[in-house]
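S.K.: Sequence:
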Amino acid sequence: MENKQRHNGHSVSRLSAHIVWVTKYRFKVLEGDVKIRCRTLIKQICDSEDVSILSGVVSTDHAHLHIEYPPKKSISDIVKRLKGRTSRRIQEEFPHIGKKYWGRHFWAIGFGGLEYWKYYR
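Numbering follows the working numbering, with no gaps: position 45 of the sequence shown is 45.
Possibly wrong hints are sitting among the right ones.
Claimed, not checked - Across the chosen pairs, the derived CB separations fall in these ranges:
#1 95 x 28: 16 to 24 Å
#2 99 x 18: 17 to 25 Å
#3 102 x 7: 26 to 34 Å
#4 104 x 12: 40 to 48 Å
#5 28 x 70: 31 to 39 Å
As the list claims (entries may be wrong) - As a list, the in silico DSSO-like pairs of lysine-lysine whose alpha-carbon atoms are at most 27 Å apart:
#6 28 x 73
#7 24 x 35
#8 24 x 43
#9 100 x 80
#10 80 x 43
#11 35 x 100
#12 43 x 73
#13 43 x 28
#14 43 x 100
#15 99 x 28
#16 24 x 80
#17 99 x 35
#18 4 x 72
#19 24 x 99
#20 72 x 28
#21 73 x 24
#22 72 x 43
What the hints contain is simulated information worked out from the structure, not anything from laboratory work.
Even for Gly, the Cβ is constructed at its ideal location relative to N, Cα and C.
Work out the full structure, taking the sequences as your base and the hints as a guide.
M.R.: Shown next, in the form of structure tokens:
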């Protein structure tokens, strides 16, 4: 991991978080094309939100990311966008997934694994 800090007009920061979120009921649905599409969506969302992915894995029943993000973003907002957008797009593009989850909830409620949060001045 490189020691790159974010600079703006009045501050220098480096915020990172390790986040993990699981599919509802821990169903192992992130396989094949669904897994590839989920990875692609996560990368696109992080790019659009100015979030850097330091490392990450999409397993069969969970997503695991180590990210760096700007101070103007909250970790809960980042997770909300990741879970919401991926859930909606995956269920639209893969109808068999939507049938497995009633109530249109693809990811389990909450997120865990928030291990560290660093801020350097």
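S.K.: State for each hint whether it applies.
M.R.: Structure-based check of all given hints:
1. 95 x 28: 16 to 24 Å: At 18 Å between Cβs, range holds.
2. 99 x 18: 17 to 25 Å: violated (33 Å)
3. 102 x 7: 26 to 34 Å: violated (47 Å)
4. 104 x 12: 40 to 48 Å: holds (42 Å)
5. 28 x 70: 31 to 39 Å: holds (34 Å)
6. 28 x 73: violated (31 Å)
7. 24 x 35: The hint holds at about 15 Å.
8. 24 x 43: It holds: about 21 Å lies between the C-alpha atoms, which stays within 27 Å.
9. 100 x 80: holds (22 Å)
10. 80 x 43: Answer holds: residue 80 to residue 43 is near 15 Å, not above 27 Å.
11. 35 x 100: holds (16 Å)
12. 43 x 73: holds (17 Å)
13. 43 x 28: Status holds; Cα separation ~21 Å.
14. 43 x 100: holds (25 Å)
15. 99 x 28: holds (14 Å)
16. 24 x 80: holds (15 Å)
17. 99 x 35: Given that 27 Å is the threshold and the Cα spacing comes to 17 Å, the pair holds.
18. 4 x 72: holds (17 Å)
19. 24 x 99: Holds, at about 13 Å.
20. 72 x 28: violated (34 Å)
21. 73 x 24: holds (26 Å)
22. 72 x 43: Since the Cα atoms of residue 72 and residue 43 sit roughly 19 Å apart, the hinted pair holds (cutoff 27 Å).
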